[in-house]
Amino acid sequence: MNLDFFKLVKREIKIMLKNFSIIYSFSTFFVVASLIFVFSVNDISYVKVFYKSIVWIVLIFSIMLVSENFLNEDFNDGSLKELQFLGFSEESIMVSKSIAMWIMIMIPMLFLMPLVFIFFQITLYELKGLVINLFLATPSLTLISILSSLFSVQLKRNKIIQFVIILPFFIPMIIFTTSTGTLFESHNLKENQFLILIGIFFITLPVCLIAGRLIMREINK
Amino acid sequence: MFTYLPHKDSLKDYLTVEENLLNWLELIGSKIQKEKFFNHLKFFKLNDLRNNLIGNLSQGQRKKVSLTKLLLTKCNLWILDEPFNSLDVDSIKKTKKMICSHKANGGSVILASHINLNIEGSKRMFIKSPKQKISNKIANFDTWDNIK
Amino acid sequence: MIFSLANPLRFQRLIEKIEPITLNIAIILLLIGLFFCFFGSPPDYLQGETVRIMYIHVPCAWFSLMIYSIIALCSIFSIVFKHTLADLISRSCAPIGACFTLATLLSGSIWGKPTWGTWWVWDARLTSELVLLVIYLGLIIINNAYEDKSKADRYSSILAIIGIINLPIIKWSVDWWSTLHQPASISKFSSPSIDSSMLLPLFIMTFSFLFFFISILLVRVRGEIIQRKIEVIRFNRMVS
Amino acid sequence: MNYFLNFVNSGDHFSYVLSSYLIVFSIIFLIFILSNSKTKKLEKEFVNLIKNEEKK
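Residue numbers (our numbering), protein chains in the order written: chain F, 1 to 221; chain V, 1 to 148; chain D, 1 to 240; chain E, 1 to 56.
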């Protein structure tokens with residue numbers, strides 16, 4: 001059997017593109033949720049200050065909502081079991097899913113960035129920092145959120161558990177993504193901060209893969 | 001090389017019948033001609049449903065689509081998990097015929113079902129739930145006497 | 001030796017012998033320790049009388065870390081060897097650890113009010129300790145979320161292994177981010193300048209807490225073993 | 001004894017120290033009592049189950 005990792009990725013992307021409503025609802029959720037933040041703050045000068053936190057918090061929650069969609073479907077119609085049975089390793093399943101999810105997040109985010117730029121009245125320089133952050137931080141975010149949805153895949157009730165369990169592991173991401181901008185402007189530590197984001201990715205990758213492998217083994221018992 | 005059909009039909013609701021099958025074929029890395037593909041679809045009379053979304057089909061039709069996967073590949077070993085669930089009598093006969101012809105071509109099938117098939121030369125195994133094993137799984141206690 | 005105790009039933013017999021002894025030792029040590037805390041130790045030169053909070057705050061913090069590492073070790077053990085006793089211990093450790101962490105946070109913030117002027121500072125060590133509490137809560141939630149006990153054990157052990165990342169952050173956060181917010185507080189202990197009159201109550205309280213922890217753990221493990229037995233009996237009745 | 005008298009008389013941080021001790025010990029005793037009561041309840045249930053089993 002000629003097994004190929006890229007085949008898996010191709011399948012994920014194909015399925016994802018067919019199911020276009022996820023992308024649509026993701027981007028709508030992002031816009032509406034950030035609008036709610038703006039209305040709750042009520043003063044545009046504060047919004048300008050807090051734009052990074054708003055964007056990142058909304059992004060985290062929308063990613064977690066999407067990730068549940070990604071894995072639960074595969075588990076419920078049995079294709080997760082079939083993939084494992086066909087001989088694809090658990091790691092490759094997880095990585096292919098997170099690659100597909102990353103593409104699915106990045107496509108609408110690139111279109112939404114100008115909207116953020118207008119909404120929060122930020123400068124072009126800040127926007128640049130935000131986009132670079134987005135590119136560096138979202139891979140680990142998707143990995144962690146796919147892991148979190150793996151935790152809740154077999155729960156019949158109380159799906160909120162996955163948020164409780166995995167949210168503390170987002171804390172370092174949030175700290176470094178939101179503080180990057182301020183240090184970015186000072187030109188002092190900018191490379192350092194980006195390196196930290198890349199470093200976090202290289203820590204989360206093996207941890208998520210090992211844990212995901214263990215959980216996927218456990219699911220089909 | 002084997003084909004495995006799990007208990008749940010691993011089909012996506014928002015893809016058509018054709019897309020589902022072709023995606024699966026691509027995943028396991030085998031190619032098939034268009035003509036042959038349509039011929040195999042005819043076996044379960046799925047030819048007209050080719051462009052329907054899976055989500056619109058009935059449970060029996062879904063099962064037929066997943067059984068069609070067996071025809072599309074040339075595997076020696078089929079592993080089927082309750083293939084006759086939610087099928088009508090006619091299609092059960094067809095499936096049986098399929099299994100018989102596969103056997104005649106030198107293939108082998110392992111399946112679990114509630115229906116007695118009566119295929120010649122097949123071996124049957126009845127599995128009862130082994131009490132001690134399951135209770136061992138719950139806790140590491142050796143025997144019933146130990147618990148007290 | 002360890003493997004001979006691996007059978008839960010043999011372990012249970014051992015528990016029944018040890019349990020009352022540990023509780024007695026814990027209470028005696030607690031009384032001695034309280035005497036030294038209030039009567040036998042001087043106030044600190046800088047911190048004044050609030051240093052007495054340290055005698056319970058620091059042992060609690062140590063135990064919050066130690067219990068987590070016990071859980072992590074048991075989880076690794078249960079994943080590698082699939083052993084029931086490790087599951088039982090990690091399952092019964094989680095609530096105790098959560099309580100010790102909560103005690104650490106509360107006593108720390110009470111210490112912080114007169115010393116720093118605020119109840120809470122978003123300092124690296126405080127934050128990571130809070131994260132530890134959240135991880136403990138997650139473990140407890142997972143342990144009770146699944147109907148299938150063995151599945152819940154496996155999931156919670158995986159989560160515990162992921163959470164190990166937090167331990168070194170708590171331990172060395174003072175060294176890594178010491179320049180940010182933290183006034184001289186906890187890093188002070190690492191210097192050998194601490195007086196023996198203050199070291200004595202600290203150690204006595206630590207050992208008292210240790211025996212408390214052991215006795216609570218043993219009670220909980222006994223309860224877990226009984227629960228498993230009840231499940232087996234119910235299951236057998238259902239099958240037969 | 002002198003230390004304690006000084007501590008009580010100085011009075012500046014007495015309430016803080018006392019409240020922290022109370023909170024910590026109450027938390028530890030709470031978990032102790034809770035786990036004890038839980039175990040006792042399970043023991044009772046277990047004894048009842050065994051009795052029922054022997055009757056049959």
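Some clues are possibly wrong.
Here are the computed lysine to aspartate or glutamate pairs in the DMTMM-like style, where the Cα-Cα straight-line distance is at most 25 Å [what the hints assert, rightly or not]: (1) 56/E / 147/D; (2) 156/F / 73/F; (3) 14/F / 82/V; (4) 41/E / 19/D; (5) 151/D / 73/F; (6) 171/D / 231/D; (7) 103/V / 48/V; (8) 81/F / 126/F; (9) 12/V / 26/V; (10) 41/E / 16/D; (11) 41/E / 54/E; (12) 7/F / 126/F; (13) 8/V / 19/V; (14) 156/F / 81/V; (15) 18/F / 19/V; (16) 12/V / 43/F; (17) 42/V / 81/V; (18) 159/F / 77/F; (19) 10/F / 26/V; (20) 18/F / 81/V; (21) 159/F / 73/F; (22) 45/V / 35/V; (23) 159/F / 148/D; (24) 18/F / 18/V; (25) 55/E / 148/D; (26) 55/E / 147/D; (27) 149/D / 68/F; (28) 56/E / 43/E; (29) 42/V / 26/V; (30) 12/V / 126/F; (31) 44/E / 19/D; (32) 128/F / 77/F; (33) 55/E / 19/D; (34) 8/V / 91/F; (35) 38/E / 147/D; (36) 81/F / 35/V; (37) 93/V / 26/V; (38) 42/V / 82/V; (39) 40/E / 19/D; (40) 36/V / 18/V.
Don't read these hints as lab results, they were simulated from the structure.
Hint check results:
For the given pair, residue 56/E sits about 29 Å from residue 147/D by alpha-carbon distance, which is inconsistent with the 25 Å threshold. Restraint check for residue 156/F and residue 73/F: satisfied, since their Cα atoms lie roughly 14 Å apart, inside the 25 Å limit. Between residue 14/F and residue 82/V the CA atoms are separated by roughly 29 Å; this puts the pair beyond 25 Å, and the hint is violated. Straight-line distance between C-alpha atoms of residue 41/E and residue 19/D comes to about 18 Å, which keeps the hinted pair within the 25 Å bound.
The straight-line distance between the Cα atoms of residue 151/D and residue 73/F is roughly 21 Å, inside the 25 Å bound, and the hint therefore holds. Proximity of residue 171/D to residue 231/D is assessed by CA-CA distance (about 40 Å); at most 25 Å being required, the pair is judged violated. Between residue 103/V and residue 48/V the alpha-carbon distance is near 29 Å, which puts this suggested pair outside the 25 Å criterion. Between residue 81/F and residue 126/F, the direct Cα distance comes to roughly 45 Å. Violation of the 25 Å bound is thereby established for this hinted pair.
The hinted pair formed by residue 12/V and residue 26/V meets the criterion: a straight-line CA distance of about 15 Å does not exceed 25 Å. About 17 Å separates the Cα atoms of residue 41/E and residue 16/D, which keeps this hinted pair within 25 Å; it holds. Between the alpha carbons of residue 41/E and residue 54/E the distance comes to roughly 20 Å, so the proposed pair stays at or under 25 Å and holds. Between the alpha carbons of residue 7/F and residue 126/F the distance comes to roughly 38 Å, so the proposed pair goes past 25 Å and is violated.
Under the criterion of a C-alpha separation no larger than 25 Å, the hint pairing residue 8/V with residue 19/V is consistent with the structure, at around 18 Å. A threshold of 25 Å between alpha carbons decides the hint, and for residue 156/F with residue 81/V the separation of about 23 Å falls inside it, so the pair holds. Restraint check: the Cα-Cα separation between residue 18/F and residue 19/V comes to about 10 Å, which is no more than 25 Å; the hinted pair holds. In summary, the hint linking residue 12/V to residue 43/F is not supported, as the alpha carbons are separated by about 46 Å, beyond the 25 Å threshold.
The straight-line distance between the Cα atoms of residue 42/V and residue 81/V is roughly 23 Å, inside the 25 Å bound, and the hint therefore holds. This hinted pair checks out: residue 159/F and residue 77/F have alpha carbons roughly 18 Å apart, not beyond 25 Å. This hinted pair checks out: residue 10/F and residue 26/V have alpha carbons roughly 9 Å apart, not beyond 25 Å. Restraint check: the Cα-Cα separation between residue 18/F and residue 81/V comes to about 28 Å, which exceeds 25 Å; the hinted pair is violated.
With a C-alpha separation of about 14 Å, the suggested pair residue 159/F and residue 73/F falls inside the 25 Å cut-off, and the hint holds. Restraint check for residue 45/V and residue 35/V: the C-alpha separation of about 15 Å stays at or below 25 Å, so the hint holds. Using a Cα cut-off of 25 Å, the hinted pair residue 159/F and residue 148/D holds, with the two alpha carbons roughly 16 Å apart. For the proposed pair residue 18/F and residue 18/V, the alpha carbon gap of about 13 Å is at most 25 Å, so the pair holds.
For the given pair, residue 55/E sits about 29 Å from residue 148/D by alpha-carbon distance, which is inconsistent with the 25 Å threshold. The suggested pairing of residue 55/E with residue 147/D is violated, with an alpha-carbon distance near 30 Å, which exceeds 25 Å. For a cut-off of 25 Å, the pair hint linking residue 149/D to residue 68/F stands: about 23 Å separates their Cα positions. Of the pairs offered as hints, the one joining residue 56/E and residue 43/E holds, with about 20 Å between alpha carbons and a cut-off of 25 Å not exceeded.
Of the pairs offered as hints, the one joining residue 42/V and residue 26/V holds, with about 21 Å between alpha carbons and a cut-off of 25 Å not exceeded. With a C-alpha separation of about 42 Å, the suggested pair residue 12/V and residue 126/F falls outside the 25 Å cut-off, and the hint is violated. For the given pair, residue 44/E sits about 19 Å from residue 19/D by alpha-carbon distance, which is consistent with the 25 Å threshold. Pair hint residue 128/F plus residue 77/F does not hold up; C-alpha atoms about 41 Å apart against a cutoff of 25 Å.
Taking the CA atoms of residue 55/E and residue 19/D, the gap is about 32 Å. The hint is violated against a cut of 25 Å. Between residue 8/V and residue 91/F the CA atoms are separated by roughly 23 Å; this keeps the pair inside 25 Å, and the hint holds. Between the alpha carbons of residue 38/E and residue 147/D the distance comes to roughly 19 Å, so the proposed pair stays at or under 25 Å and holds. The hinted pair formed by residue 81/F and residue 35/V fails the criterion: a straight-line CA distance of about 30 Å is larger than 25 Å.
Annotation: proposed proximity of residue 93/V to residue 26/V is violated, straight-line Cα distance about 29 Å (limit 25 Å). At most 25 Å may separate the alpha-carbon atoms for a hinted pair to count; residue 42/V and residue 82/V meet this at roughly 23 Å. Using a Cα cut-off of 25 Å, the hinted pair residue 40/E and residue 19/D holds, with the two alpha carbons roughly 14 Å apart. Straight-line distance between C-alpha atoms of residue 36/V and residue 18/V comes to about 13 Å, which keeps the hinted pair within the 25 Å bound.
In the structure shown, a violation is registered for the earlier hints numbered 1, 3, 6, 7, 8, 12, 16, 20, 25, 26, 30, 32, 33, 36, 37, in ascending order.
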